[in-house]
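The residues making up each chain are set out below.
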Amino acid sequence: MVPLAYFQLVSAGLFAIGLYGVLARRSAVLIVMSIELMLNAVNINLIAASSHLEGLANFAQFDGQIIAIFVITVAAAEVGLGLAIILRIHRNRSTVNVDEIDLMKW
Amino acid sequence: MSWFLFILLSFLTLGGGLGVVLTRNVVHAALFLLVSLVAVAGLYLILLAEFLALVQVLIYGGAIIIVLLFAIMLTRSADYPRISDNRQWPLAGIAALGLLGVLSAAFLTRPVEETQLHSPAFAGLGNSLFTRWAIPFEVASLVLLVALIGAIIIARSNEEER
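Just so you know, the sequences run in chain order A and B. Numbering-wise, our numbering comes out as the position in the first sequence, counting from 1, plus 76. Numbering-wise, our numbering comes out as the position in the second sequence, counting from 1, plus 198.
Because the hints were derived from the structure by calculation, they are not lab data.
Just the calculated beta-carbon pair ranges, DEER-fashion: (1) A/L179 x B/L289: 15 to 25 Å; (2) B/F320 x A/L179: 44 to 54 Å; (3) A/R169 x B/Q286: 17 to 27 Å.
For glycine and all other residues, C-beta sits at the position ideal for the given N, C-alpha and C.
Modelling step: build the complete structure from the supplied sequences, incorporating the hints.
Printed below as a string of structure tokens:
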């Protein structure tokens, strides 16, 4: 049986990779993909905690898994809306490079 | 056996993630993302969360990757397939490594008392979702509905608006 800490390390690594992608990439579509990586890191953490700490503290049996389901729901909604906004920006400005979309930059 | 699978799937997850943020081809990035997400589904199976593994493959592997590929094809422009990072990438790397260090230190130093893994039943998950979590469940369905309507309105072409 793999201890909880190793799952948490994988989760931390995936989150850090996603953070790097969000900060370093210039294409809006790739930033959305990096956000998906970060959300998946959170889900790994939630489900690992749910499986390993079941019945401890104030955890009810399935709380971690159910919160992960809600995270997946919100991620799906976020991808749909985010890509719709990216398509609209591409139609108006002919670019998805976030460095060039600076109309609202102070 | 469990350790072998864990190491293999962790490698695929982190390698796929690195592929997403490092590759120069945007379609390859989407395919690396698929590798990473399916490997995460495998990690859920090691954790005995079968339902979540199923949902992960269906929603991420099936729906989200397809939608992302559609968006890549529809926003194809001169800078594709070659893509570049912006000038702040060393700072981004420092931030990511710093976050990784802090999180790893936190996870490794905190003592955790663990219970044995045991296989939970689907029925319990469903019961919990529709009793204890019924109101958040309804709110989540409302969020999906609003996001769907919003996406349709935002992505609609100009000709139809007039």
